[in-house]
Each structure stands twice: as structure tokens, then as C-alpha cells.
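Sequences listed follow chains H and D, in order. For the first sequence, the working numbering gives the first residue as 1, with consecutive numbering after it. For the second sequence, the working numbering gives the first residue as 1001, with consecutive numbering after it.
It is worth saying that the hints were derived from the structure and are not from the lab. All C-beta atoms, glycine included, are put in the ideal place defined by N, C-alpha and C.
Listed next, the stretches of chain H that the computed footprint assigns to chain D, with coverage defined by at least 3 CB atoms under 8 Å from CB atoms of chain D: (1) 28-35; (2) 128-137; (3) 182-191.
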Amino acid sequence: MEKIKGYTYGQVGASPVSLADLDLLKKTVLFSSDDEKHLKLAGEVLKDQTNEVLALWYGFVGGNEHLVHYFGKGGKPDMEYLAAVRIRFGQWIMDLCNKPYDQDWLNYQHEIALRHHSTKKNKTDNASAVPIIHYRYMVAFIFPITATIKGFLSKKGHDTETVEKMYAAWFKAVTLTVILWTYPYINKNEF
Amino acid sequence: MKTKIAILFFTVVLYSTASQAQQQKAPAGYTYGTSAVAKSPMSLEELKLLQQSLLFGDEDIKYLKMSYDILKDQTSDILDVWYGFVASTPQLVYFFGNKTTGKPDGEYLAKVRERFAMWILQTAEANYDQKWLDYQYEIGLRHYSAKKNKTDNVNSVPIINYRYIPALTIPVTTTLKPFLAKKGASAEDVDKMYNAWVKSVLLQSILWGQPYMKKGEF
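Looking at chain H on its own, in the form it has when it is part of the complex:
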């Protein structure tokens, strides 16, 4: 498999969130072993569709000036930066569905968090875009990337109930993940 530039899964610092805290958070979002099973299935369904999924998401970002803002400076989007992120974004879809939510996964969520935050934004791709993605838009993005996935989940002939279960699992997984990404934005001890 071709190496993805800046994709450092398994080679990053430790997350400040413990596995025990992750477990409590999973319970709060009602994430169960049934969700794990349906996420795996979603991974199968989505693996040859990530390009189309990303085309849709990038279309959405591109159509919203206040979102594309984060990929550029002075109102001009950095195409190279957008393209580099896109490849990792495709891998993120697969990781969300396929990886076990263990210490490596938890650590990498924190790395992704730092890359949205001023701590590490732009550094991976040596870009010169704005220094931070604001918290509110990062969390808001949960909805469009969830709502738009349903159409792709139903493309491989699964019955409605199975699609609904994959969709629910996806929604929980994305919410869980994005919550972890907020860590660097939050005042000390308040996460």
C-alpha cells in the first residue's frame, strides 16, 4: 500500500484521555458491540466509495465560504493543502470503521485534534493557512458528514434495517471522535 503523507497512525504521542474515560464516553453515546459490528460492515460498504464521499464533502466545504476559509489564507484556498488532507480524510473513513478503538486509536484522535487546533494546524503539510479551525464548525461538521453517508451506505444492496444500523453506528462513532478532537480547545480540567 502506498504511504500516505503525514499519516502517522501508531507513531504519535499519548492521548490525555484514558481508555477508561473513553469507555464511559462510549457508554454515554450508547456505543455497543452491535455498533462495532455495523461499523465494520460500513467499512466494507464504503471502501470503494471513499472518493465519491470525499467529493461530496469537499463540495459542501467548497460551497461554504466560512468553511473553505480554514483551508486558505486571505480568502484564497490552498489547493495543495486541500489535496493532502483529502488523502488522509479517506483513510480516516476507513479507520473509523475498521480500527479497534484501543490506545493507538485514542492517541491518533488526539493527534488529529492537535492538527485542527493551533498546536499543529498546517504543520503536517507545511501549509500557510489560517492557524486554527474553530471549535464550533468542527463539531457542527458531525451532521453533514453523517447525513450524507446514508446514501453511500445504502448503495450495496443491504436492507433498510441494516442500513439504519450502520448509519446509527456511524453517527455515534463520528460524535465520539469529534468530542475527542475538542480536547485541545477546552480549558484545563474542563474536558
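Starting from the known structure of chain H, arrange chain D on it as the hints suggest.
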């Protein structure tokens, strides 16, 4: 005929009195739209962009309003489910605990519950104007150390940790769906109401997060 008119008159008067009473009797600490609520640091213009990012539009307003009539007499049953979930989830009931004994504070839970019922109706009314925006900030502060416990004058833990706020979007909206389906709406309408609710609850949890964020990062 006269009797019929009298009954009708009586019913109308009684009904309107009851509904007015319901509107007038705000729960303790419910200060929506009053001068006790400070202005949100967020502008309506910024709110609009945030709604746009959530794909929240006029159709969602329409379906939230549709949910109002469906939910208005079910708030107590909904809260039974939500409180049941909180009670069975130690990491959540913790936030309602007495700081000294660690035991859940029944009075605190009961007071919050009354305002929670108003919140359901307010979310469904979907008048997301300046007053609403200001009140979201107030709710944020009441989860946060700035104002937690103060409204009800209780001795509980000083803050609800941020991570549980957006996490609750899922149990709240998942358990709401059956209630949306209880009054004979079509499956399509139920789905649309549900989606509008997911967006609104997510939007609100984002707004409630404001006090927790480092300066300039919201």
C-alpha cells in the same frame, strides 16, 4: 341548545385558563427572555453560519414546529426516559451529586427536570432569535463552573465536564424518536422531525460549549 352553548363556553373558558396558567407558571430559575439573562457573545449572523454548517434550514424549523404539538403532552414521559438513562449512568448522575455525600440530590434533579420540560417545548417552538441565543449562553453557563448549582442553590459538583454535553445528543435524540412517532405522523415526517431535532440539539450543545473554550477558539 342553551345547555350546549353553556358547556361549550365553559370548556373554552376552562381550557384557555388552564393553558394560560401553564404559560404563566414558569419553573423556578427559568429566566428565558428576562433581563436576568446576559447577551450571548455570539451574534445572530454567526448563528446563521453555524446553522448553515449543520444543514439546518427552514424545513427543519417547519418540522420542529410540527413536533411541538406531538411532544407537548408527552414531556413528562420523555423526561422519565431521560432521567432513567441518567440515573443508570453513574458518570452522568455524578453531576447531580451532593459534593459532600456524593449522593444524587433529589431536589436538584427535580428542579432541573421542570426546566428541562420547558427546554423540550422551546426547542420545538424553534424561534431561534436573539432571546433564544442569549438563553443558550445562559444554559451553557449553568452547566459550567460560572453558574452551576447557583440557580437552585445546591451543593453539587462545580462543573459538568464538557465531553458529556455533545455526547448526550445521541441518547436524547435516539430516545425521542419513538415519542415523535406516537401521534400518527407518517414515517417520513417522523424521520424529518427526528433529523431536525438532531441538528437542533447538536447546535445547542455547541453553543453550550462556549464557556469551556479557550479564548478565541470557539
